[in-house]
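Asker: Residue numbers (our numbering), protein chains in the order written: chain A, 3 to 86; chain B, 3 to 86.
Be aware that a few hints might be false.
Copies of the same chain are indistinguishable here, so a pair counts whether it falls within one copy or spans any two.
What the hints assert, rightly or not - With a straight-line Cα cutoff of 30 Å, these simulated DSSO-like cross-link-like pairs (lysine-lysine) come out:
| # | residue 1 | residue 2 |
| --- | --- | --- |
| 1 | 25 | 79 |
| 2 | 24 | 79 |
| 3 | 37 | 83 |
| 4 | 51 | 25 |
| 5 | 34 | 23 |
| 6 | 66 | 83 |
| 7 | 83 | 34 |
| 8 | 83 | 8 |
| 9 | 83 | 33 |
| 10 | 23 | 83 |
| 11 | 51 | 66 |
Rather than coming from a laboratory, the hints here were simulated on the basis of the structure.
Residues per chain, in single letters:
2 protein chains.
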Amino acid sequence: MDSVFKALSDKNRRDILSLLKKKDMTVGEIKKHFKITGASLSHHLDILKRANLVTAERDGQFIKYSLNVSVFEEIMKLFYKFFK
Amino acid sequence: MDSVFKALSDKNRRDILSLLKKKDMTVGEIKKHFKITGASLSHHLDILKRANLVTAERDGQFIKYSLNVSVFEEIMKLFYKFFK
DNA sequence: GTAACATTTAGACGTTCATCTAAATATCTA
DNA sequence: TAGATATTTAGATGAACGTCTAAATGTTAC
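Between the sequences and the hints, there should be enough to build the whole structure, so can you do that?
Answerer: This is the structure we're talking about:
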C-alpha cells in the first residue's frame with residue numbers, strides 16, 4: 003500500500019496514469035507529453051510498475067504500457083474503506 | 003491536490019488520520035501511539051493541516067486535532083473521478 | 001511571577017527522491 | 001553484420017523529506 007501512495011505522490015506519475023486511462027501507450031508516445039528526459043520517464047514508469055499500477059509489454063521495438071485496471075479497483079476499495 | 007497526495011504518502015500520517023477517524027485527539031493523545039518525538043509529530047500534523055486534511059483548535063493548554071470530514075468527501079470524489 | 005506542562009519552531013543531519021548525462025541493451029532494417 | 005531507433009541502467013547532483021535536540025511559545029496553577 004505504501005508503494006501506491008508513494009507512486010501517486012508525484013504529479014508527473016499521476017499525469018502518466020491519466021494518459022494511460024485513455025489508451026495504452028509506448029514510452030515514446032508518453033514522452034511527448036512531458037518535458038523530462040527518457041531516463042527520468044523510465045524511472046517514473048518503473049515506480050508505477052513496482053506499485054502494480056501499470057503493466058508493460060514489449061511489442062517489437064517498442065514497449066507498451068497499460069493501466070492495471072484490476073489493481074485500480076482494489077485501490078478504490080481501500081481508499082473507500084480508509085476515508086469513509 | 004498535490005499537497006494531499008504528498009501528505010498521504012507517509013505511513014505515520016496515514017496512521018494519524020486513521021486515529022482521528024475514530025475521535026478528536028490532542029497532540030499528547032496522538033503521541034502515545036507513535037515512537038517519534040513531539041517535534042516530529044508536530045511536523046506531520048502541520049503537513050496534514052496544510053493539506054486541509056485536519057483542523058486544529060486550542061482547548062486551554064491542549065490543542066485538539068480533528069479530521070476535516072468535508073475535505074475528505076471532496077477527496078473521495080476526486081479519487082473516484084481519477085480512478086474510474 | 002514562577003514553575004510545570006503542552007505544543008511548536010529553529011536548525012542540523014542523514015536518507016530518499018527527481019532529475020540529468022552517458023553508456024548499455026534490445027529490436028528492426030538494409 | 002552495421003546502423004538507426006527505443007528503452008533502460010548506472011552513476012552523479014541538488015532538493016525535499018523525516019527525524020532529532022534544543023530552545024521558544026502558550027497556558028495553567030500555585
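Asker: Indicate, hint by hint, whether the structure satisfies it.
Answerer: Checked hints:
1. 25 <-> 79: both (23 Å within a copy, 23 Å between copies)
2. 24 <-> 79: both (21 Å within a copy, 19 Å between copies)
3. 37 <-> 83: Classified as between: cross-chain Cα gap 26 Å, same-chain 36 Å, threshold 30 Å.
4. 51 <-> 25: within (17 Å within a copy, 36 Å between copies)
5. 34 <-> 23: Answer is within; shortest intra-copy Cα gap is 16 Å, inter-copy 42 Å.
6. 66 <-> 83: The answer is between: 24 Å across copies meets 30 Å, while 32 Å in one copy does not.
7. 83 <-> 34: between (37 Å within a copy, 24 Å between copies)
8. 83 <-> 8: both (19 Å within a copy, 19 Å between copies)
9. 83 <-> 33: between (35 Å within a copy, 24 Å between copies)
10. 23 <-> 83: both (23 Å within a copy, 11 Å between copies)
11. 51 <-> 66: Result: close within a single copy only, 12 Å intra versus 40 Å inter.
When held up to the earlier numbered hints, the structure conflicts with none and fits them all.
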